[in-house]
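Working from the sequences, and respecting the hints, build out all of it.
Positions 1182 to 1891 (this note's numbering) are the ones given, in order, by the sequence shown.
FYI, nobody ran anything at the bench for these hints, they're computed from the structure.
Please note that the accuracy of each hint is not assured.
Taking lysine-lysine pairs in the DSS-like style, the calculated list, with each CA pair at most 30 angstroms apart, reads [said to hold, decoys possible]:
| id | residue 1 | residue 2 |
| --- | --- | --- |
| 1 | Lys1422 | Lys1379 |
| 2 | Lys1422 | Lys1437 |
| 3 | Lys1590 | Lys1487 |
| 4 | Lys1850 | Lys1872 |
| 5 | Lys1590 | Lys1379 |
| 6 | Lys1403 | Lys1422 |
| 7 | Lys1437 | Lys1194 |
Derived DEER-like restraints, expressed as beta-carbon distance ranges [to be verified]:
| id | residue 1 | residue 2 | range |
| --- | --- | --- | --- |
| 8 | Pro1881 | Ser1798 | 15 to 23 angstroms |
| 9 | Ala1868 | Glu1729 | 35 to 43 angstroms |
| 10 | Gly1329 | Glu1402 | 43 to 51 angstroms |
| 11 | Asp1618 | Tyr1205 | 56 to 64 angstroms |
| 12 | Arg1218 | Asp1331 | 41 to 49 angstroms |
| 13 | Ala1446 | Arg1188 | 45 to 53 angstroms |
| 14 | Tyr1264 | Pro1197 | 26 to 34 angstroms |
Just so we're clear, the structure is a prediction, and the values are computed from it rather than from any experiment.
Ideal placement from N, C-alpha and C gives every residue a C-beta, glycine not left out.
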Amino acid sequence: MTIAAKREVWPGKAYPLGASYDGYGTNFGVFSEVADRVELCLFDEDGTETRIVLPEVDGFVWHGYLPGIEPGQRYGYRVHGPYDPGMGHRCNPNKLLLDPYSKAIDGRFDWNQSLFGYDFGYPDSRNDDDSAASMPKSVVINPYFDWGVDRPPQHEYADTVIYEAHVKGLTQTHPDIPENSRGTYSAIAHPVIIDHLKELGATAIELMPVHHFANDSTLIEKGLSNYWGYNTIGFFAPDSKYSASTTPGGQVQEFKAMVRALHEAGIEVILDVVYNHTAEGNHLGPTVSFRGIDNAAYYRLVDDDKRYYTDYTGTGNSLNVGHPHSLQLIMDSLRYWVLEMHVDGFRFDLASTLAREFYDVDRLSTFFELVQQDPTVSQVKLIAEPWDVGPGGYQVGNFPPQWTEWNGKFRDTVRDFWRGEDASLGEFASRLTGSADLYESTARRPVASINFVTAHDGFTLRDLVSYNEKHNDANGEGNNDGESNNKSWNCGVEGPTDDPEINALRSRQQRNLIATTILSQGVPMISHGDEIGRSQGGNNNGYCQDNEITWIDWAGADAGLLEFTATVSALRAAHPVFRRRRFFNGRPVRRRGSKGVPDISWFRPDGSEMSDEDWDSGFGKSVAVYLNGHGIPGLDPRGQRVTDDSFVMCFNAHHEPIEFTLPPVEFGKAWWPVLDTAAGIGETEDAAVVKAGAPMPVEPRAMMVLRAVL
1182 MTIAAKREVW
1192 PGKAYPLGAS
1202 YDGYGTNFGV
1212 FSEVADRVEL
1222 CLFDEDGTET
1232 RIVLPEVDGF
1242 VWHGYLPGIE
1252 PGQRYGYRVH
1262 GPYDPGMGHR
1272 CNPNKLLLDP
1282 YSKAIDGRFD
1292 WNQSLFGYDF
1302 GYPDSRNDDD
1312 SAASMPKSVV
1322 INPYFDWGVD
1332 RPPQHEYADT
1342 VIYEAHVKGL
1352 TQTHPDIPEN
1362 SRGTYSAIAH
1372 PVIIDHLKEL
1382 GATAIELMPV
1392 HHFANDSTLI
1402 EKGLSNYWGY
1412 NTIGFFAPDS
1422 KYSASTTPGG
1432 QVQEFKAMVR
1442 ALHEAGIEVI
1452 LDVVYNHTAE
1462 GNHLGPTVSF
1472 RGIDNAAYYR
1482 LVDDDKRYYT
1492 DYTGTGNSLN
1502 VGHPHSLQLI
1512 MDSLRYWVLE
1522 MHVDGFRFDL
1532 ASTLAREFYD
1542 VDRLSTFFEL
1552 VQQDPTVSQV
1562 KLIAEPWDVG
1572 PGGYQVGNFP
1582 PQWTEWNGKF
1592 RDTVRDFWRG
1602 EDASLGEFAS
1612 RLTGSADLYE
1622 STARRPVASI
1632 NFVTAHDGFT
1642 LRDLVSYNEK
1652 HNDANGEGNN
1662 DGESNNKSWN
1672 CGVEGPTDDP
1682 EINALRSRQQ
1692 RNLIATTILS
1702 QGVPMISHGD
1712 EIGRSQGGNN
1722 NGYCQDNEIT
1732 WIDWAGADAG
1742 LLEFTATVSA
1752 LRAAHPVFRR
1762 RRFFNGRPVR
1772 RRGSKGVPDI
1782 SWFRPDGSEM
1792 SDEDWDSGFG
1802 KSVAVYLNGH
1812 GIPGLDPRGQ
1822 RVTDDSFVMC
1832 FNAHHEPIEF
1842 TLPPVEFGKA
1852 WWPVLDTAAG
1862 IGETEDAAVV
1872 KAGAPMPVEP
1882 RAMMVLRAVL
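Written out as structure tokens, the structure is:
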């Protein structure tokens, strides 16, 4: 049993919450409406604990100031209060608790009975084993950092290309990164990674969860881990598992240095954040933070039996966004990452859960109102994963005006088109032109659509064209986990093959999907490694695989695909017609001395304009589109002036070659092929110019892009 401290404790302040070092000492503040008493627990390097009763409480915030407490100090809380699960209360001072506002966390969970508030096998019992020795600890951090002249790049959405990446998966095997740096924030800041991002034309890196997360005990027992990190326990703390620093709190400085380096290269940092649930799980989960501090305030509980948790996330619990202090936690966290860590935006995992203030998903919920009026959070990039697993959770197109969304309909439609599924050409045309059917009615623009065909969740691009079925046996769940309907096509053989024709087709399909994604209206997103042919061996749910299955194999990189991806990205950057700020309207764009032609026109392969019957056919697999670039001057993401050329794009998802007839002379006198996915090439000076109305053969399952010759 530890002894209460005999040291000076001042009243301190109720705000800000968490541990705040000011150069002389540290203020501690923690919210708990249910607590009778709160003890601050300080830990020496040898684990010796000193308990201090926080002397003041204002507005349910327990607080105190301790002179002489410096960065690196490890601490936690013990909360005295009611233990009555039926009423939603689970206080137990025998359980050491992480500060919900921890700026850094040191150590890992030693999964055993002491971390749980009940005896294993008896969920209605109470366990009073002390958990301190098995718990990681919150850490007081040094808030000071030399940012120099750091400025956020602030790329317009229309000029943005997002690269979704995992800190470790992207860098773990790169031969040019020092071994002790691989898999860390410092590796992301390494010049070889920054140069790779710049070569691709990526203007933003979207990091999979870096908020401190817990590794599930069930996965550890299987020899696996929570690799993706969607299991947050610290919404303010960059995870130490991705830090090369061994000093408690050193991960904060390393993360800031990474952001500074990326900003110097003109690359924004977007965080994938998981505010919909925490790592404490359901009623059988551990008591390590929120549950022991104020269970009913932080979690949504079942109305008629508060022992149980409402679960809209599939993880066991849902954060209670109907409670003001839970909302404050989210907003304080978002502001902290923008103001103190200098990040440029957020992608919200299962964002529909955050809109469930009561039961239904509500685009007018308090959370969205808070974001709308917040002068800091409202000004950064806000990206929603617009679904959850609850009723009515699929909300693509229904988020408020200042939000963008992962467009799952783009993913599904583009996959279906290129694998040759019978589908409406009208659906494909809508996705290609920014999904006006989803976003225009809410006063949003094409950039509301984050266009992607692959992401961390599901097949990689290489696997999408190599497997019909998932192959998740390594996950230990009998291949029952992961999505079964992948809209994939293996091109004739399941998995790797030596057949040169199949491999050539797979390469072409990868180019088709990359080019379609990057050249569609909206914001393109590339999943890390897709540009170099990364494979997970058919595993479409690599959440638990922290190994060669999920890490990028830099030694086996497809250099040709990388060059192609960079070429397409450069084409988009050079021509604003591929990144319009407004939807097409079909009205003529007038030029001097002419009546003008529409800003967009669609053509059948024979050169005639598409009719209503053509759009409604369920078997169409080929179409051409004219994009009028006249009058769209602009700048590329680096601020260089670009040209306003017009283009024709020919899409052939048919299994045979098709001869397209190019548009008549009023659309352009001649056309120069600048992209051909069948040949795997980009713009070349010796490509033959094709006259208006002339035939243009397009190979099977391929697309061509032609630029107007003025």
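Status of each hint after checking the structure:
no.: 1; hint: Lys1422 / Lys1379; result: holds (26 angstroms)
no.: 2; hint: Lys1422 / Lys1437; result: holds (16 angstroms)
no.: 3; hint: Lys1590 / Lys1487; result: violated (37 angstroms)
no.: 4; hint: Lys1850 / Lys1872; result: holds (6 angstroms)
no.: 5; hint: Lys1590 / Lys1379; result: holds (28 angstroms)
no.: 6; hint: Lys1403 / Lys1422; result: holds (20 angstroms)
no.: 7; hint: Lys1437 / Lys1194; result: holds (27 angstroms)
no.: 8; hint: Pro1881 / Ser1798: 15 to 23 angstroms; result: holds (19 angstroms)
no.: 9; hint: Ala1868 / Glu1729: 35 to 43 angstroms; result: holds (40 angstroms)
no.: 10; hint: Gly1329 / Glu1402: 43 to 51 angstroms; result: holds (46 angstroms)
no.: 11; hint: Asp1618 / Tyr1205: 56 to 64 angstroms; result: holds (59 angstroms)
no.: 12; hint: Arg1218 / Asp1331: 41 to 49 angstroms; result: holds (43 angstroms)
no.: 13; hint: Ala1446 / Arg1188: 45 to 53 angstroms; result: holds (47 angstroms)
no.: 14; hint: Tyr1264 / Pro1197: 26 to 34 angstroms; result: holds (29 angstroms)
The structure is inconsistent with hint 3 alone, although it conforms to all the rest.
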